[in-house]
Amino acid sequence: MSFTDISTTELLAPVPQPGEELPVQLGISPYRLAFRRLRRKPLALVAGAFFVAIVVCCLCAPLYARYVAHTGPDENHISETVVVDGHRHDVVSLIGIPIGPTWHSRFLLGADFNGRDVAVRLLYGGRNSLEIGFCAMAITMVVAILVALFAGYYRGWVDSVLVRLLDVIWAYPAILLGVAIGTSLTLGGISLGPVKLSSGSLFIPALIIGFVNIPYVAKPIRGQVIALREKEFVDAARTLDAGGLRIMFTEILPNLSSTIVVFVPLMIANSILLEAGLSYLGAGVQPPNPSWGTMISDGVTLITSSPHLVLAPGLMLVLTVLSINIFGEGIRDALDPRATTRIKRK
Amino acid sequence: MTRFVVRRSLQALIVLALVSVFTFLIFQVIPNGSPAARMAGRTASPAQIAAIARSWGFNRPIYIQYLHMMDKIFTGSVISYSQQINVLDQIKRGLPATISLAAGAGVIWLALGILIGLLSAIRPGRLLDNTLGFLALTSISAPVFVIGAVLLYALAYRTSVLPSGGYVPLTDNPWQWFEHMLLPWVSLSLPFIGFYSRVLRGNILDAKHEDYVRMARAKGLSGRRVLTRHVLRNSLIPIMALWGLDFAGVVGGGAILIESIFDLNGVGQYAAESIKTLDVPPIMVIVMYTAVLVVVVAALVDILYAYLDPRISLND
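As you go down the protein sequences, you meet chains A and B in turn. My numbering puts the first residue of the first sequence at 1, with every later residue one more than the last. My numbering puts the first residue of the second sequence at 347, with every later residue one more than the last.
For the record, the hints were derived by calculation from the structure and aren't laboratory data. For clarity, every value in this text was computed on a predicted model and none was experimentally measured. Careful: at least some of the hints might be erroneous.
[What the hints assert, rightly or not] Listed next, the stretches of chain B that the computed footprint assigns to chain A, with coverage defined by at least 3 CB atoms under 8 Å from CB atoms of chain A:
1) 355 to 365
2) 494 to 500
3) 591 to 601
4) 616 to 625
[As the list claims (entries may be wrong)] To give a feel for the contact side, a few chain A residues facing chain B, derived at Cβ under 8 Å:
5) ASP167
6) TYR172
7) VAL179
8) GLY277
9) VAL318
10) LEU322
[Stated by the list, open to error] Not close to chain A: a few residues of chain B, all C-beta gaps over 12 Å, as computed:
11) ASP417
12) ILE425
13) ARG439
14) ILE445
15) ALA457
16) LEU461
17) LEU464
18) PRO509
19) VAL514
20) GLU525
21) LEU567
22) ASN611
23) LEU650
24) TYR651
Built from N, CA and C at the ideal position, the CB exists for glycine as well.
Let's have the full structure, built from the sequences with the hints guiding it.
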């Protein structure tokens, strides 16, 4: 950070003692403050940049497939050969062992048992995994926030009914419920009126994962709504004759924003992990559509002869989720005013 | 207190009833093709399909089918579609492996989670805390089946230090039982250890600024004594609650991924295999059985909480 980045207000601000509220700093919004705190965490920033790089790489999958690898994600090369360093190799050997990483443009990370390019499938699979992660997160957040607002603001029977429903979803381990719904949906797809999703659609796993994760977000946010509805500014809005919907969405919702921001990366990471688990069990992304989970699932049977089939997607999965989690933790610490007082200053 | 227990138990019963309806609906209302047609095979005539539907009751109204299914679950006479075996017998056969997995892994993840959480909370923001924090995040970010597959590859296939899966009953050969369970225990525990240590660290750091800690320090107790006798004791309550729920989930077959990777033939793997053959009754019974375990444990945890912590309002 350069010297000009530090404003005078920040320099003059008293150092908070442990257990003491941070003093209000005039002229700087809480989000700018949080952003400043985040900038002081190089690891979180590196992780964030790394995640963006992964997303960009996966979005460029078609370019890599066409100009570098010269093959699509579902194209089989099972009976072909490839020249590496002047030697000719079978893409898949006679006893069914696929070629390992060549570190050349063709079959950079080797081939799978159908002779498909692992690197190409890794990028396409990443695109699917990330897409599902983002969609599922959006579904979870929207539904969970609505449920939390209505349950926490109206209390009474609305609250009882909604909380019981959340309890029902929460009673199942996420992976089992996902598998149960996934099995049922992949049999026939969904047709809800005009919306028709075929059984191979990527939206089905996204929908399932989004649904399964709802209680984990809705419950804590509901608790916050219950606390917020007793605050003076809500009473003030009520005396101004504001209705329930207005209070929920213009008074309470903005006050939930920091919690929501914290949940977003967490839910993306969880959704990607759950997608991998479901796909591994055959209840998520359906073949031949690649995803990191399906690739690992396909590769596990061949792990003794071709460990790259598990290691490549496994490593990508871990790195992606880890980078989101580190970045998410950085955001959480930056937004939490207690974080600075928690760690004693020297 | 009695009123609270009664009320909480009633709530649990309502959730259980909803859970059974919901589980049933997942497999019945969602248009997933007729099970009779699947059972009859590809070349069946419409008359054959109708006969199967009649004998299994698929043509009855939906609420009758629900009552029928509940009756069969309570009497333990659910029959699977694919091999027509009693589902309950299969689940009972899987229980020893699943309970061995849950018990061993549960002890490991609780002990190490507490130890690592405590170590990171001693000097927050320092090297040890940051290193342990990074490791914890990594373990949370790694899917269990990837950890399992890599451990299997390294320790079983490559070096054959440990067996490559399967389950040996404890009563048959305790040492082999231990050898076979070691990798599943470790792979299942790792993410839990990461998660628990982070939760405990946060709890301890929050508790450090409470008045009772200042009070304990003021009356002259050493830092270590305050940490172990006052802070840790209070911070452990939520950890134990979390542990109860996770443990129930694993006993209920929630470790479906680990069980399939290590071929433990437990309840979870039975569910996984039923998924592959699209055999609905076992999945339904296992999912319901898990949910029942979790709901019951959650109610017990809440009651225990109220008993342990007088600050919890019994009216809410």
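Hint by hint, here is what the structure shows:
1. Check on the segment 355 to 365 of chain B: 5 of its residues sit with their Cβ under 8 Å from a Cβ of chain A, so the three-residue criterion for coverage holds.
2. Only residues whose beta carbon comes within less than 8 Å of a beta carbon in chain A count, and the segment 494 to 500 of chain B has 4; three or more means the coverage holds.
3. Against chain A, the segment 591 to 601 of chain B contributes 4 residues with a C-beta closer than 8 Å to a partner C-beta. That satisfies the three-residue criterion, and the hint holds.
4. Counting residues of the segment 616 to 625 of chain B whose CB falls under 8 Å from any CB of chain A gives 5; the rule of at least 3 is met.
5. The criterion of a C-beta within 8 Å of any C-beta in chain B is met by ASP167/A, whose closest approach is roughly 5 Å, and the hint holds.
6. Taking 8 Å as the C-beta contact cut-off toward chain B, the hint placing TYR172/A at the interface holds, the least distance being around 5 Å.
7. For VAL179/A, the interface hint holds, since its Cβ comes within 8 Å of a Cβ in chain B; the closest pair sits about 6 Å apart.
8. Residue-level restraint check for GLY277/A holds (minimum Cβ-Cβ distance to chain B is 6 Å; threshold 8 Å).
9. Restraint check, VAL318/A versus chain B: the minimum CB separation of about 5 Å is within 8 Å; hint holds.
10. With 8 Å as the threshold, the beta carbon of LEU322/A comes within range of chain B, its nearest partner Cβ sitting at about 4 Å, so the hint holds.
11. Distance to chain A confirms ASP417/B as a non-interface residue, since its nearest Cβ pair spans about 21 Å, more than 12 Å.
12. The claim that ILE425/B is not at the interface with chain A holds, since no C-beta of that chain comes within 12 Å of its own (minimum 18 Å).
13. At the 12 Å boundary, the C-beta of ARG439/B stays outside the reach of chain A, the nearest C-beta of that chain being 19 Å off.
14. Its beta-carbon lying about 16 Å from the closest one in chain A, ILE445/B satisfies the requirement of being farther than 12 Å from that chain.
15. For ALA457/B, the shortest C-beta to C-beta distance to chain A comes to about 22 Å, beyond the 12 Å cut-off, and the non-interface label holds.
16. Against the 12 Å criterion, LEU461/B stays outside the reach of chain A, whose nearest CB is about 21 Å from its own CB.
17. No Cβ of chain A approaches the Cβ of LEU464/B within 12 Å, the least distance being about 16 Å, so the stated non-interface status holds.
18. The non-interface label for PRO509/B is consistent with chain A: the shortest C-beta to C-beta separation is roughly 14 Å, beyond 12 Å.
19. Every Cβ of chain A is farther than 12 Å from the Cβ of VAL514/B; the closest lies at roughly 22 Å, confirming the non-interface assignment.
20. Residue placement check: GLU525/B keeps its beta carbon more than 12 Å from all beta carbons of chain A (closest about 19 Å).
21. Taking the minimum C-beta to C-beta distance to chain A, about 18 Å, the non-interface status of LEU567/B holds against the 12 Å cut.
22. With a least CB separation of 16 Å from chain A, ASN611/B remains clear of the 12 Å interface cut-off, as annotated.
23. The claim that LEU650/B is not at the interface with chain A holds, since no C-beta of that chain comes within 12 Å of its own (minimum 18 Å).
24. With a minimum CB-CB distance of about 15 Å to chain A, TYR651/B clears the 12 Å threshold, and the non-interface call stands.
In the structure shown, no violation is registered for any of the earlier numbered hints.
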